[in-house]
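Novice: Residues per chain are reported as follows:
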Amino acid sequence: MKRDEKPSLMRGSHIVAEAAVRAGCRYYFGYPITPQNELPEYMSRRLPEVGGTFVQAESEIASINMVIGASMAGARVMTSSSSPGISLKQEGISYLGGLELPAVIVNMMRGGPGLGNIAPSQSDYFQATRGGGHGDYRTIVLAPASGQELCDLTYRAFDLADHYRNPVLILADGMMGQMMEPVRFPVLRDVQKLPKKPWTITGAKGRKSHFIRSLILDPGQMEEHNWKLIRKYEQITDQEVQYETFKTEDAKLVIVAFGTAARIAKAAVKRARAEGLPVGLLRPITLWPYPKKALRELSKHAKHFFVFELNAGQMVEDVQLALKGDADVFFYGRPGGVVPNPAEIARIISRQFFQKEIV
Amino acid sequence: MKGSIKIDSNLCKGCGLCVETCPNGVIEIGSQRNGMGYFYAVAKKTSKKAENGRGCTGCTLCAIMCPEVAIEVCREER
Amino acid sequence: MLIKTVFAGFGGQGVLSMGYVLAYAAMIEGLQVTYLPSYGAEVRGGTANCTVAVSNEEIASPIASTPDNVVVMNNPSLEKFQHQILTGGVMFLNSNLVEQRPVRGDIIVREIPCNDLAHTLGSDQSANMVMLGGFIQQTSLVRLESIQSAISDVFKEKKKAKEMNLKALNVGYDYMKNREENA
Amino acid sequence: MKKVFSRPKLLKPNPFHYCPGCGHSLLHRVVAEVIEEMEADEIAIGIPPAGCAVLAYNYFDVDMGEAAHGRGAALATGVKRVLPDHLVFTYQGDGDIAAIGTAETVHAANRGEKITCIFVNNAVYGMTGGQMAPTTILGQPTTTSPGGRTGNRDGFPLNLSEMLAVTRGSAYIERTSVTTPAGIRATKKAVRKAFEIQLQGLGFTLVEVLSPCPTNLKMSPADACKWVDTEMVNFFPLGVIKDITAPQENHDAH
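Protein chains in written order, with numbering that gives the first Met the number 0: chain A, 0 to 358; chain B, 0 to 77; chain C, 0 to 182; chain D, 0 to 253.
Just so you know, these hints were derived from the structure itself, not from any lab. A few of these clues could be false.
Simulated crosslink set (DSSO-like; lysine-lysine; CA at most 30 Å straight-line) [unchecked claim]:
1. A/K355 - A/K323
2. B/K43 - D/K225
3. D/K8 - B/K1
4. D/K225 - A/K207
5. D/K2 - A/K204
6. A/K204 - D/K192
7. D/K188 - B/K1
8. A/K323 - A/K246
9. B/K1 - D/K217
10. A/K195 - A/K251
11. D/K188 - A/K207
12. B/K5 - D/K8
13. A/K251 - A/K355
14. D/K11 - A/K195
15. A/K207 - B/K5
16. D/K8 - A/K196
17. D/K225 - A/K204
18. B/K43 - D/K192
19. C/K79 - A/K5
20. A/K207 - D/K192
21. A/K196 - D/K11
22. B/K5 - D/K11
23. B/K5 - D/K1
Partial pick of chain B residues on the chain D-facing surface, computed with a CB cut under 8 Å [unchecked claim]:
24. G13
25. Y37
26. L60
27. I63
28. E71
Idealized CB from N, CA, C, for every residue including glycine.
When you get a sec, could you build the whole thing from the sequences and use the hints?
Specialist: Right, here's the structure in full:
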């Protein structure tokens with residue numbers, strides 16, 4: 000992939016927005032909510048420069064439905080919000096799933112439940128990975144942990160969405176959105192050269208008319224549609240799992256963490272390693288599909304897993320499901336928008352080694 | 000002016016709006032049920048008004064009012 | 000090496016651009032760097048701060064619960080950050096605006112009369128770059144030339160501001176250098 | 000003999016699923032005829048709602064994309080922004096457009112989205128079985144306003160079209176009925192005008208159509224039509240509510 004020669008220093012929300020534009024996104028519909036307002040602000044300036052359209056909708060519900068419309072008409076389209084706003088968008092995300100429409104949705108998570116606060120949190124893991132809205136559907140969930148990854152995963156999200164005709168969720172947090180890091184962007188993509196989408200509604204010119212709908216009254220047909228979706232999800236699970244491992248080869252204890260928590264966990268691993276403790280890190284990059292096989296593989300030599308999240312314990316369930324009781328799973332979390340430092344996590348690692356007599 | 004109508008008995012649900020609308024009373028709800036189970040509308044050969052010499056004129060009012068779009072209308076060209 | 004610096008002051012003092020220029024310079028040098036501005040409701044209160052982390056390896060958290068350096072541009076910032084700074088850390092004070100002095104004895108304090116120095120340049124708004132010049136002279140976190148190229152890049156659309164900021168940067172740098180030599 | 004009335008080509012040959020005497024299919028025909036006469040079938044995109052007309056894509060032979068309940072105007076906004084030269088219309092019932100989708104509709108109008116909303120007002124929730132609608136008239140009994148709607152208990156009938164006319168982005172709003180041949184002709188004229196104004200890019204357009212729901216009004220189709228003509232019109236007077244293309248009319252915003 001060809002990239003800019005020089006890096007740019009930008010905040011996460013701007014990185015996501017620019018990466019989307021580079022990927023061919025020309026339509027953005029959104030509604031302000033802290034801590035991601037810089038994303039729509041950037042789009043309102045940037046999209047007109049590339050012939051795109053920005054609309055500030057009257058609500059999150061309206062914006063996700065505008066996304067549906069633009070996606071039906073064949074565009075690469077995006078919306079973004081933060082936790083309470085994503086709850087409102089869930090109606091539309093379920094429809095995107097049922098209608099099999101590509102779209103990219105960004106959640107810069109904040110502390111919850113309810114209005115919560117605007118501090119960085121990971122409390123929407125369940126909502127993100129279980130679909131979030133009504134019905135049997137999944138969204139592909141990507142969890143970046145750096146500025147460069149915000150860029151690369153956003154860019155890739157559009158291809159994944161189009162390829163599978165499925166919504167893709169970028170799950171970051173308030174800190175990722177606000178933090179600036181150097182990033183090297185892929186060069187602007189030629190929108191004309193993107194793969195054609197024959198299923199869109201663009202007017203019945205030179206072809207039969209068609210329709211896109213998620214209402215299937217006949218239970219038999221609806222079941223068929225569901226199985227079709229499930230088969231697609233299985234294919235995604237087979238092909239799109241992404242994760243990073245760090246010093247896991249000889250690890251007796253493996254930390255599992257994503258996004259911001261994984262950065263802290265990685266630093267904690269370095270500290271613990273300096274103390275001579277055989278500890279490693281597994282960082283899921285795709286939260287759905289989840290790297291279950293990788294976990295099972297690790298459990299062949301690591302019998303202790305330590306799940307660290309900026310919530311009260313959500314991803315830990317996926318780890319338990321993956322390990323099926325074959326290893327000990329310990330959880331430590333900081334909900335509510337607190338971001339602990341690596342020393343705190345390193346202490347917990349040492350304590351685990353001592354208390355559980357891991358050797 | 001003379002006209003004629005053709006009611007698609009498979010589409011008609013017997014709502015009777017055409018019967019109400021026809022100025023010359025040449026449509027009635029028949030005594031046969033169609034596949035959907037409705038007594039469907041039929042164009043009468045004769046009616047009280049028709050006997051007075053005023054049959055179907057091809058005015059299209061019945062077709063305009065038909066919710067099922069089940070009526071085709073033909074009219075004699077002048 | 001991992002050095003975290005908090006820049007704090009009130010809105011309009013250019014606290015965020017100080018941090019941004021430092022982060023940009025670190026990027027030019029190919030260092031790992033994160034820049035985290037304060038955001039949300041906090042910003043509306045009139046105070047502003049940002050944290051810049053510079054390292055030669057991956058940076059875990061951009062947050063500094065115990066910063067190595069704190070740059071204090073006004074009184075409330077002193078109150079807020081004097082208890083957070085790492086023992087042995089360096090606090091840079093804008094001595095023109097900060098009336099109190101830190102109560103802690105386990106930190107190093109460097110005072111710079113930023114507003115006076117900026118005033119001699121005829122540009123009161125450049126107090127932040129005066130401070131940044133002094134800060135760099137003392138910490139050597141990045142090279143002076145990198146900060147200069149960063150300013151040239153960041154302010155390339157605003158020629159006047161660019162010139163003034165470069166001047167102010169040098170004034171602050173020289174001020175700390177002279178003090179060091181005279182000490 | 001020459002054929003002077005037949006099914007428009009843009010209506011698929013499928014039998015309608017609506018109840019006997021329902022106004023929906025009448026209106027489908029009218030809209031299909033207008034698109035056909037304007038030769039706009041290649042650029043027409045319809046947005047069917049949730050509600051009785053949810054299966055409208057089974058009848059219209061143009062591209063259609065189904066919206067969630069109430070979100071038609073937002074979805075149409077998305078489509079139209081991507082395809083600005085197309086004829087984009089929503090087809091929505093009273094619950095859809097004037098209750099759950101009020102915000103989407105008001106703001107689409109206020110933004111002056113170049114779309115047309117076909118608003119079917121039958122004063123009752125049809126698909127869910129006869130509950131009170133935002134447009135249920137005072138005194139009208141429904142399954143959730145037993146004994147008849149009262150303003151104090153149930154709130155008042157909502158005049159959405161008049162509300163929308165106040166927005167600066169709306170260009171053309173008319174209320175018609177499909178209860179008589181004359182009403183149907185007026186409806187057709189209104190739909191055509193709305194579509195033309197949309198394609199001229201002048202702003203948001205809407206045609207509200209009073210329509211009989213014999214099943215839930217518990218009346219014969221003919222009586223339901225009469226009820227619309229005599230009772231409902233007292234709350235929802237017919238006629239042009241706003242038309243920025245009309246000569247000698249003063250609108251503050253223009």
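Novice: Report holds or violated for the interface hint on B/E71, using the least CB-CB distance to chain D and a cut-off of 8 Å.
Specialist: 5 Å, holds
Novice: Are the Cα atoms of D/K8 and B/K1 separated by 30 Å or less?
Specialist: 26 Å, holds
Novice: May I ask you to test the interface hint for B/L60 with respect to chain D, counting a Cβ-Cβ separation under 8 Å as satisfied?
Specialist: 5 Å, holds
Novice: Are the Cα atoms of A/K355 and A/K323 separated by 30 Å or less?
Specialist: With Cα atoms ~20 Å apart, A/K355 and A/K323 stay inside 30 Å; holds.
Novice: When you check the alpha-carbon spacing of D/K11 and A/K195, does it fall within 30 Å?
Specialist: Holds. D/K11 to A/K195 sits at ~28 Å (cutoff 30 Å).
Novice: For the pair supplied as a hint, D/K225 and A/K207, confirm whether the alpha-carbon distance does not exceed 30 Å.
Specialist: At roughly 40 Å apart (the allowed maximum being 30 Å), A/K207 and D/K225 break the hint.
Novice: Take a quick look at whether D/K2 and A/K204 sit within 30 Å of each other, Cα to Cα.
Specialist: This hinted pair holds, its Cα atoms lying about 28 Å apart.
Novice: Check the hint pairing A/K204 with D/K192 against an upper bound of 30 Å on the C-alpha distance.
Specialist: 23 Å, holds
Novice: Verify the proposed pairing of A/K196 with D/K11, using a straight-line Cα cut of 30 Å.
Specialist: 25 Å, holds
Novice: If you draw a straight line from the CA of B/K1 to the CA of D/K217, is it 30 Å or shorter?
Specialist: 37 Å, violated
Novice: Does D/K225 sit within 30 Å of B/K43, going by the straight-line distance between their CA atoms?
Specialist: 25 Å, holds
Novice: Hint check: D/K188 vs B/K1, CA-CA at most 30 Å. Holds or violated?
Specialist: 28 Å, holds
Taken one by one, the earlier hints fail for this structure at numbers 4, 9, 10, 17, 18 and 19, listed in ascending order.
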